[in-house]
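Enquirer: Below are the chains, spelled out letter by letter.
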Amino acid sequence: MSDAPTDASSPGPLSAEERDELRRHGILLTSVQELYNWGRSHSVWPLNFGLACCAIEMIAASMAKFDIARFGSEVFRPSPRQADLIIVSGTVTKKMAPHVVRLWNQMPEPKYCIAMGACAISGGPFKQGYNVLKGIDRFIPVDIYIPGCPPRPEALLHGLVQLQEKIRQQPLRGPDAPRHLRSDLACDATVPELGAEDIEPPFSPELWKPPTLVRPDKA
Amino acid sequence: MMLPDPAATGLARVRKIEGAALGLRTPAFAPEEGAGDLLEVSLGPHHPSTHGVFRMDVVLDGERIVRLKPVFGYLHRNHEKLGEGTSYLGSMPYTDRLDYLNSMTNNWAYALAVEKLAGIPVTERAEYVRVILAELSRLLNHTCLAGFLMQDCGCSGTPLMYAFREREKILDLFESLSGSRMMCNFQRFGGCRVDPSAEWLAATRTLVDGYGAFLDEFEALLSGNEIVMARTQGVGRLPAALAVNAGVTGPMLRASGVGHDLRKVDGYGVYPRFNFRVPIGRDGDVYDRYMVRMLEMRESISILDQALRGLPGGPILDPKAKQRGLRPKAGEAYGRIEGPKGEIGFFLVSDGTGNPTRYRVRAPSFVNLTILEDLCLGHSVADAVIILGSIDIVLGEVDR
Chain Y
1 MSDAPTDASS PGPLSAEERD ELRRHGILLT SVQELYNWGR SHSVWPLNFG LACCAIEMIA
61 ASMAKFDIAR FGSEVFRPSP RQADLIIVSG TVTKKMAPHV VRLWNQMPEP KYCIAMGACA
121 ISGGPFKQGY NVLKGIDRFI PVDIYIPGCP PRPEALLHGL VQLQEKIRQQ PLRGPDAPRH
181 LRSDLACDAT VPELGAEDIE PPFSPELWKP PTLVRPDKA
Chain G
1001 MMLPDPAATG LARVRKIEGA ALGLRTPAFA PEEGAGDLLE VSLGPHHPST HGVFRMDVVL
1061 DGERIVRLKP VFGYLHRNHE KLGEGTSYLG SMPYTDRLDY LNSMTNNWAY ALAVEKLAGI
1121 PVTERAEYVR VILAELSRLL NHTCLAGFLM QDCGCSGTPL MYAFREREKI LDLFESLSGS
1181 RMMCNFQRFG GCRVDPSAEW LAATRTLVDG YGAFLDEFEA LLSGNEIVMA RTQGVGRLPA
1241 ALAVNAGVTG PMLRASGVGH DLRKVDGYGV YPRFNFRVPI GRDGDVYDRY MVRMLEMRES
1301 ISILDQALRG LPGGPILDPK AKQRGLRPKA GEAYGRIEGP KGEIGFFLVS DGTGNPTRYR
1361 VRAPSFVNLT ILEDLCLGHS VADAVIILGS IDIVLGEVDR
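If you read the protein sequences in the order shown, they are chains Y and G.
In terms of my numbering, the first sequence is residues 1 to 219.
In terms of my numbering, the second sequence is residues 1001 to 1400.
No lab work stands behind these hints, which were simulated from the structure alone.
Ideal Cβ placement from N, Cα and C applies to all residues, glycine included.
Check before you lean on any hint, since a few could be wrong.
For lysine-lysine, the following DSS-like pairs were computed, each having C-alpha atoms within a straight-line distance of at most 25 Å [stated by the list, open to error]: (1) 95/Y / 218/Y; (2) 65/Y / 134/Y; (3) 1081/G / 94/Y; (4) 1169/G / 65/Y; (5) 94/Y / 65/Y; (6) 94/Y / 127/Y; (7) 218/Y / 94/Y; (8) 1320/G / 1116/G; (9) 1116/G / 94/Y; (10) 95/Y / 127/Y; (11) 1081/G / 1264/G; (12) 1081/G / 127/Y; (13) 1081/G / 1320/G; (14) 65/Y / 95/Y; (15) 1081/G / 1116/G; (16) 1329/G / 95/Y; (17) 95/Y / 1116/G; (18) 1169/G / 134/Y; (19) 209/Y / 127/Y; (20) 1081/G / 1329/G; (21) 1116/G / 1322/G.
Which residues of chain Y face chain G? A few of them, derived with a C-beta cut under 10 Å, are [stated by the list, open to error]: (22) 35; (23) 66; (24) 134.
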């Protein structure tokens, strides 16, 4: 407690160690933001939504051996209106992409997205396929990427813990506040449609831009 | 029936239609004249009980189904097209992702097709290991299916938890052998990738010895359960003639009373050496399909027991068998095995280059799904859900 200001009328911010020390003495100091984020980070309800192989591992994570209930996320909701988290678990095809984005739009804020597996991240082994979307982050802002084909249930749990950490760090005010607390950001994602040759638009320009390739000899 | 105007509410998935405009297929019962409007409901592609991204367009008269149109393609991953641009060995990991519950049997069917095409002999030990892995896959698939079917019946939780507990045990074996839980990529042309160790075989023996007790427990919970019987018996009857005409295979065909099992008919691999029975159903309803799978698991345990006892020594893979850069001479071959879901086959056409010119998958889930409407007509929506569950589809294989 050496750095704490001695003047009681102007308390400065306490470090995490100091608050731990106080907690040991039965004094809990917190802020609204911290309490709010702590609460919601431990009850992230996922959408009951599976796409392909990864969905089986997602189900496995919710079963007895891996027990996602330990992290407060066992309540898989069939309706997007009740869900906080969409786990995009598998290959998103161009036929399915509009539905996935519409489900995302139907979820109420605050909402989060986990891209589970290689296919959801980039198209994975099926990237060369004519019908495969090369990453769901072209349409939906992804919070956590979990690589693997498919990722083990432990990896999904790790991703969930990372998401909880991210939720706990979210400020409620200021420029870094989440979407639903700001008026200058649109919450809805662009829903693509199946066009004559490809989905239109092929990606959402606010979220994703095609990489610019620079040849080493031209740089 | 009063429905909100879809245009006003944005409810695009439920719409009111006129029965006369439909050109209905002869339904199992005749809707009464002026009985009311028909209602078209779209189940899926995001629906908790469609086993993936599958859609059923159901036309309802009250609660009864008068027409059903399966819509798939939501998981069409261009498997066959990618196979034409990939080397023979390079397609092996893709076959894992067809029926992603049973990568071992997919691998085997594909390896069999390539072995036929290129004339590669399989080592004796590998044949036994393939049988062991295929029967473990069958246990895994049927156990999970029973769990999912009960989930569809509305029994939320317990049977599926039990099933996944056993699944994890089998997956632990697959993982320790192949390095991956689900996508094993294990078979090679002329054998298998890794030789199972004595410890692995001992662990498999422990699992096989204990599986009968698990089945006893599982069946005590479900098979004689009054609610399960009331819910599944007489529902979704599949006549034997229709099953044969539609090309239905696997436990679904056998539940309708047709004794057709490729392990007996083709006698591929070393299956003729084992003594086992083929369970046959009587009525072809959902209960029979469930029961046939339960009985098949008992037979699988017996096959596993015989295979583990008779496992010969020797090499697991002929070192001279070519894997990379395989160029079979021009021709075509069809390799098929009795997968847990039915006849899974691969048809390959070679023109002498390193890639097949045609790569075709005969997916059992897909063919078995074609009779969905015939099974569902006249039943309620809740029955359609368990009928779909009893067909045992995996969308990775249906849509490919």
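Enquirer: Need the status of pair residue 1329/G, residue 95/Y: alpha-carbon distance at most 25 Å?
Expert: violated (38 Å)
Enquirer: Tell me if residue 35/Y is really an interface residue toward chain G, meaning its C-beta lies closer than 10 Å to one of theirs.
Expert: Residue 35/Y check fails; min Cβ-Cβ to chain G is 32 Å, beyond 10 Å.
Enquirer: Quickly compare the C-alpha distance for residue 95/Y and residue 218/Y to 25 Å and report which way the hint goes.
Expert: violated (39 Å)
Enquirer: Take the C-alpha atoms of residue 1169/G and residue 65/Y, compute the straight-line distance between them, and say whether it is at most 25 Å.
Expert: holds (10 Å)
Enquirer: Holds or violated: residue 209/Y with residue 127/Y, Cα cutoff 25 Å?
Expert: Measuring from Cα to Cα gives roughly 17 Å; hence the hint holds.
Enquirer: For the pair supplied as a hint, residue 94/Y and residue 65/Y, confirm whether the alpha-carbon distance does not exceed 25 Å.
Expert: Violated, at roughly 34 Å.
Enquirer: Going straight from one Cα to the other, do residue 1081/G and residue 1264/G come out at no more than 25 Å?
Expert: violated (32 Å)
Enquirer: Take a quick look at whether residue 1081/G and residue 127/Y sit within 25 Å of each other, Cα to Cα.
Expert: holds (12 Å)
Enquirer: Against the 25 Å threshold, does the CA-CA distance of residue 1081/G and residue 94/Y hold or violate the hint?
Expert: holds (16 Å)
Enquirer: Given the hint that residue 218/Y pairs with residue 94/Y, does the C-alpha gap stay at or below 25 Å?
Expert: violated (35 Å)
Enquirer: Does residue 1116/G pair with residue 1322/G here, judged by a C-alpha cut-off of 25 Å?
Expert: Within the cut-off at roughly 14 Å; holds.
Enquirer: At a threshold of 10 Å, is the proposed contact between residue 66/Y and chain G supported by beta-carbon distances?
Expert: holds (9 Å)
Hint compliance for this structure: hints 1, 2, 5, 7, 9, 11, 13, 14, 16, 17, 18, 22, 24 are broken, all remaining hints hold.
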